[in-house]
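Asker: Taken in order, these protein sequences are the chains called H and C.
The first sequence begins at 1 in the numbering used here and counts up by one.
The second sequence begins at 1 in the numbering used here and counts up by one.
Hints are not guaranteed to be accurate.
Unchecked claim - Subject to a maximum C-alpha distance of 30 Å in a straight line, what follows is the list of computed BS3-like cross-link-like pairs (lysine-lysine): (1) H:K242 to H:K61; (2) C:K9 to H:K129; (3) H:K242 to H:K129; (4) H:K125 to C:K9; (5) H:K228 to H:K238; (6) H:K228 to H:K242.
Unchecked claim - Far from chain C, some chain H residues (derived; all Cβ distances over 10 Å): (7) L10; (8) D85; (9) S121; (10) K129; (11) D131; (12) A143; (13) L151; (14) R170; (15) F177; (16) K238; (17) K242; (18) L245; (19) P247; (20) D310.
Honestly, the hints are just simulated from the structure, not real lab data.
Built from N, CA and C at the ideal position, the CB exists for glycine as well.
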Amino acid sequence: MLNFIIRRTLLIVPMLIGISLITFVIAHLAPGDPTSIRYGLNPEVSQSARAKLKEMYGLDKPIIVQFGLWLKRIAMLDFGNSFIDDRPVIHKIAERLPATLLLNIAALFVIYILAIPIGISSAVKANSKYDRVMTIILFAGYATPSFWFALLLIWFFGFNLGWFPISGMRPWYVEYFTFFESIKDLLWRLVLPVATTSLLSLANLSRYMRSSMLEVLRQDYIRTARAKGLSEYLVVYKHALKNALLPIVTIASMILPALLSGSFIIETIFGWPGMGRLGYESIMNYDYPTTMGVVIIATFLTLLGLLIADITYAIVDPRIRYE
Amino acid sequence: MVREIFRNKQIVLGLVVILFMAGIATFAPFIATYSPYEQNLSPEARIQPPSREHWFGTDDLGRDLFSRMVYGARTSLSVGFIAVGIMLTVGITLGVLAGYYGGWIDFIIMRLVEVMMCFPTLYLILILLAFLGPSIFYVMAVIGLTSWMGLTRFVRAEFLSLREREFVIAAKALGATDLRIAFRHILPNALAPVFVSITFSLGGAILVENSLSFLGLGVQIPIPSWGNIISTGRFYIESAWWLTLFPGLAILITVLSFYLVGDGLRAVLDPRLKR
Numbered sequence: 001m002l003n004f005i006i007r008r009t010l011l012i013v014p015m016l017i018g019i020s021l022i023t024f025v026i027a028h029l030a031p032g033d034p035t036s037i038r039y040g041l042n043p044e045v046s047q048s049a050r051a052k053l054k055e056m057y058g059l060d061k062p063i064i065v066q067f068g069l070w071l072k073r074i075a076m077l078d079f080g081n082s083f084i085d086d087r088p089v090i091h092k093i094a095e096r097l098p099a100t101l102l103l104n105i106a107a108l109f110v111i112y113i114l115a116i117p118i119g120i121s122s123a124v125k126a127n128s129k130y131d132r133v134m135t136i137i138l139f140a141g142y143a144t145p146s147f148w149f150a151l152l153l154i155w156f157f158g159f160n161l162g163w164f165p166i167s168g169m170r171p172w173y174v175e176y177f178t179f180f181e182s183i184k185d186l187l188w189r190l191v192l193p194v195a196t197t198s199l200l201s202l203a204n205l206s207r208y209m210r211s212s213m214l215e216v217l218r219q220d221y222i223r224t225a226r227a228k229g230l231s232e233y234l235v236v237y238k239h240a241l242k243n244a245l246l247p248i249v250t251i252a253s254m255i256l257p258a259l260l261s262g263s264f265i266i267e268t269i270f271g272w273p274g275m276g277r278l279g280y281e282s283i284m285n286y287d288y289p290t291t292m293g294v295v296i297i298a299t300f301l302t303l304l305g306l307l308i309a310d311i312t313y314a315i316v317d318p319r320i321r322y323e
Numbered sequence: 001m002v003r004e005i006f007r008n009k010q011i012v013l014g015l016v017v018i019l020f021m022a023g024i025a026t027f028a029p030f031i032a033t034y035s036p037y038e039q040n041l042s043p044e045a046r047i048q049p050p051s052r053e054h055w056f057g058t059d060d061l062g063r064d065l066f067s068r069m070v071y072g073a074r075t076s077l078s079v080g081f082i083a084v085g086i087m088l089t090v091g092i093t094l095g096v097l098a099g100y101y102g103g104w105i106d107f108i109i110m111r112l113v114e115v116m117m118c119f120p121t122l123y124l125i126l127i128l129l130a131f132l133g134p135s136i137f138y139v140m141a142v143i144g145l146t147s148w149m150g151l152t153r154f155v156r157a158e159f160l161s162l163r164e165r166e167f168v169i170a171a172k173a174l175g176a177t178d179l180r181i182a183f184r185h186i187l188p189n190a191l192a193p194v195f196v197s198i199t200f201s202l203g204g205a206i207l208v209e210n211s212l213s214f215l216g217l218g219v220q221i222p223i224p225s226w227g228n229i230i231s232t233g234r235f236y237i238e239s240a241w242w243l244t245l246f247p248g249l250a251i252l253i254t255v256l257s258f259y260l261v262g263d264g265l266r267a268v269l270d271p272r273l274k275r
């Protein structure tokens, strides 16, 4: 097992090189060099910033050396300094990361809690009226533009009912709160962003749960369990559920990129001080180093999610033997 | 097969809505009751609720919302179809190359697929647009170029299972060229998953285009897009609900129809799901 974990972890290295290569290509995509596009016309970007960027890319060196330098920078998580406040990009991202993680982990939690029972009940009553209605509802959730859903929630629960705050994570006055009050305030503020984030991936996960459950219910050992007269409840929840849950573990990693993409929009709308909003602000301000840093870190997070999912899968499923 | 497709209620419902939207997009100039660009800045014309003259109300510049949404259908559908066209070209070509030739070509293409799948798509799209500048053509290209990976995997898998079959060997023995075998003999057998993928991708592309336009990085004002109408509506959400509600519903209904057709097709075309 340890052997597998080490080998699986090492597989990340070629992936990182691939990611570096793609981002390098993007950086050189535009005609001219990476310092001239857009910023050439933008007086906000001073000459010194352009000179810094030129130095960072080593643009006077051969292309292969440039890529080597780029790889080195990424390996050291050095994305240069922000154009806006000249602080190291990685510090800016580190500040924003906890908010993004909090939002997405909370959403993941909600998605699992809802999707597993929905998936099970749809599979048990496959092709019934309930299953069909559920399918349509889930697809509608999947087809709903998240920015629009967020605005509707703000309009209804924020403005009309006034139940939830519509923006922000930690207002200035939490300093005067006791510890429990500030936790309560935070949870309260999480409700609308988490609801929007979960809606996106709920359909995905519950469909997976449904087909995984259907697959298991077809197995011979389920027929045996039924044949020996077990109640339907025991068959489904004791015999089938355990095996049906296994593939769902890995799905977390598949919806992670979608969740992170979602936080770009959701954090922007709800004023959530996370990485997605940092990315949006940096794009809007032509803050090129920060934009690049956010994209690369978001991709690292996805890779990390994949790694964790693969390892958990190997640990929880005894049928899988890695040699 | 065709009869089965048209007996599936989900597919028929989705197709009817899609055709309806496509009709609106095609005949936009005849359907729109006003010009989508004509402004009327007098206070009694701006931000008016739905009425008999303005079915969906008016926006902050006094433009008729219904007419803007009719033209918005044009924007969304054309972005969707062109983006998916690009996705198909790239996805099928790479899938065919990987599945038919195998070896190091397959190795490189599949590693590229794996790396591309790790990027959160929206971030990748946004950084590309931040570079290239917002333009409707870049939006189409970028959506297409960031969504082909699933299709490549499908096509490659189909090719791997089909390329050793007798009919392929027979074609080879008759001296057919690689190109002919790949596209005339094998690809038609692999079309089912391609059709499913097309419908889902169309829905997805429309959703992404509208999200980008909402963020101000997609279709630029004054060209109407459902997404950029909502980005204006956002500032008036307390008072002018119609500016947010109607375009959002249009996106939801259109995307949902594509997904319903896709899901229905998958059920009809995949014999394993038939029971």
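Asker: Does the alpha-carbon distance linking K228 of chain H and K242 of chain H stay inside the 30 Å limit?
Answerer: Since the Cα atoms of K228 of chain H and K242 of chain H sit roughly 19 Å apart, the hinted pair holds (cutoff 30 Å).
Asker: Does K242 of chain H clear chain C by more than 10 Å, comparing its Cβ with all Cβ atoms of that chain?
Answerer: 23 Å, holds
Asker: Checking the smallest CB distance to chain C, is D85 of chain H really beyond 10 Å?
Answerer: 19 Å, holds
Asker: K129 of chain H clear of chain C by more than 10 Å, beta carbon to beta carbon?
Answerer: 13 Å, holds
Asker: Please check whether the beta-carbon of L10 of chain H is more than 10 Å away from every beta-carbon in chain C.
Answerer: Since the minimum Cβ distance to chain C is about 15 Å, L10 of chain H lies beyond 10 Å and the statement holds.
Asker: Would the non-interface assignment of F177 of chain H survive a Cβ cutoff of 10 Å against chain C?
Answerer: 28 Å, holds
Asker: Is the nearest Cβ of chain C still more than 10 Å from the Cβ of L245 of chain H?
Answerer: 22 Å, holds
Asker: A cut-off of 10 Å on Cβ-Cβ distance, and D131 of chain H was said to be off the interface with chain C. Does that hold?
Answerer: The claim stands: D131 of chain H keeps its Cβ more than 10 Å from every Cβ of chain C (closest is about 12 Å).
Asker: Within 30 Å, alpha carbon to alpha carbon, are K242 of chain H and K129 of chain H?
Answerer: 26 Å, holds
Asker: Given the hinted pair K242 of chain H and K61 of chain H, is their Cα-Cα distance within 30 Å?
Answerer: Distance ~57 Å between K242 of chain H and K61 of chain H Cα, so the pair is violated.
Asker: Does the no-contact call for D310 of chain H survive, Cβ to all of chain C over 10 Å?
Answerer: Non-interface label stands for D310 of chain H: nearest chain C Cβ at 13 Å, farther than 10 Å.
Asker: Would the least Cβ to Cβ distance between K238 of chain H and chain C come out above 10 Å?
Answerer: About 25 Å separates K238 of chain H from the closest Cβ of chain C, which puts it past 10 Å; holds.
In summary, the numbered hints that this structure violates are 1, 12, 13.
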